[in-house]
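Colleague: Sequence:
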Amino acid sequence: MDATGKPVIAVIDDEEAVRESLGLNLRSAGYDAVFASDGAKGIKLVEECRPDLIILDVIMPGKDGLQACREMRSSGISTPIILLTHRSSSVDKVLGLDLGADDYIGKPFEINELLARVRALLRRSTEVFSTEVVNFAGVVVDFRAYRAAKNGVPLPLSAREFRLLQYLVKKQGVVVSRDELLDQVWGYSSYPSTRTVDNHIARLRQKIEENCESPQHIITVHGVGYKFVA
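Going letter by letter, the sequence shown gives residues 319 to 548 in this note's numbering.
Misleading hints may appear alongside valid ones.
[Said to hold, decoys possible] Cβ-Cβ distance ranges computed for the label pairs, FRET-style:
(1) Glu365 x Ala434: 23 to 31 Å
(2) Leu342 x Asp497: 22 to 30 Å
(3) Lys488 x Lys468: 26 to 34 Å
(4) Phe454 x Lys381: 44 to 52 Å
[Claimed, not checked] 25 Å max Cα-Cα, derived SDA-like pairs, lysine to any residue:
(5) Lys525 x Val452
(6) Lys545 x Ser393
(7) Lys468 x Gly541
Bear in mind the hints are in silico, worked out from the structure with no lab data behind them. Positions of the beta carbon are idealized from the N, C-alpha and C atoms, including for glycine.
The whole structure should be built from the sequences, with the hints applied where relevant.
Modeller: Listed below in structure tokens is the structure:
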């Protein structure tokens, strides 16, 4: 948030016209905006400004968006990230999500769709559930501070993974469908596929389970969804 209480959006894109257009539309929608023209400058901007959300172009000279995303997540920055990709580049979309991005939108895009995704991610990232800290099997997760560790070693969870785990913990012992997770964690029902949920669950298991092939905490209920057991 800035001094006036407006959410701050970092726009990292090498095209000046895109930065100017997004800045105008974001400010019209009630946000503040800060800008960087490449991945290296974008990482520095995020470290200094600590924005509430990042819009990150994938294709940029020098350090591209995927490299920047990887470095930000590796350094513990859990700020929600929306990737700007070319519509035909499914590889960038999948790789970006694997690296810790929370969403993507293809260029060219409708500004109203982008703003809807910004609102959804900000809403999910600022919601506070009753459970703020969870401790199980050597894993400690502080949802308010976006910090996690396993056996004392920091866990590099993405913002989406924090919110996914938080929602499952909130519903502990209750089976949650993929559609419910899409609605409650992603924030809109038009996401491409419920397979997205499965992919995020798989990555989350790799980080918190002792044996992700035989999970003890995030349990699959076949044909229905998932449930969390501490």
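Colleague: Could you see if the CB distance from Phe454 to Lys381 stays within 44 to 52 Å?
Modeller: 37 Å, violated
Colleague: Holds or violated: are the alpha carbons of Lys545 and Ser393 at most 25 Å from each other?
Modeller: Measuring from Cα to Cα gives roughly 30 Å; hence the hint is violated.
Colleague: Evaluate the given range 23 to 31 Å for the C-beta pair formed by Glu365 and Ala434.
Modeller: 28 Å, holds
Colleague: Is Lys468 close enough to Gly541, meaning Cα to Cα at most 25 Å?
Modeller: Violated, at about 30 Å.
Colleague: For Leu342 and Asp497, compare the CB-CB distance with the range 22 to 30 Å and indicate the outcome.
Modeller: 35 Å, violated
Colleague: In this structure, is the beta-carbon distance linking Lys488 and Lys468 contained in 26 to 34 Å?
Modeller: For Lys488 and Lys468 the Cβ distance comes to about 20 Å; the hint is violated.
Colleague: Holds or violated: Lys525 and Val452, Cα atoms, limit 25 Å.
Modeller: 15 Å, holds
Checked against the numbered hints listed earlier, the structure breaks hints 2, 3, 4, 6 and 7; every other hint is satisfied.
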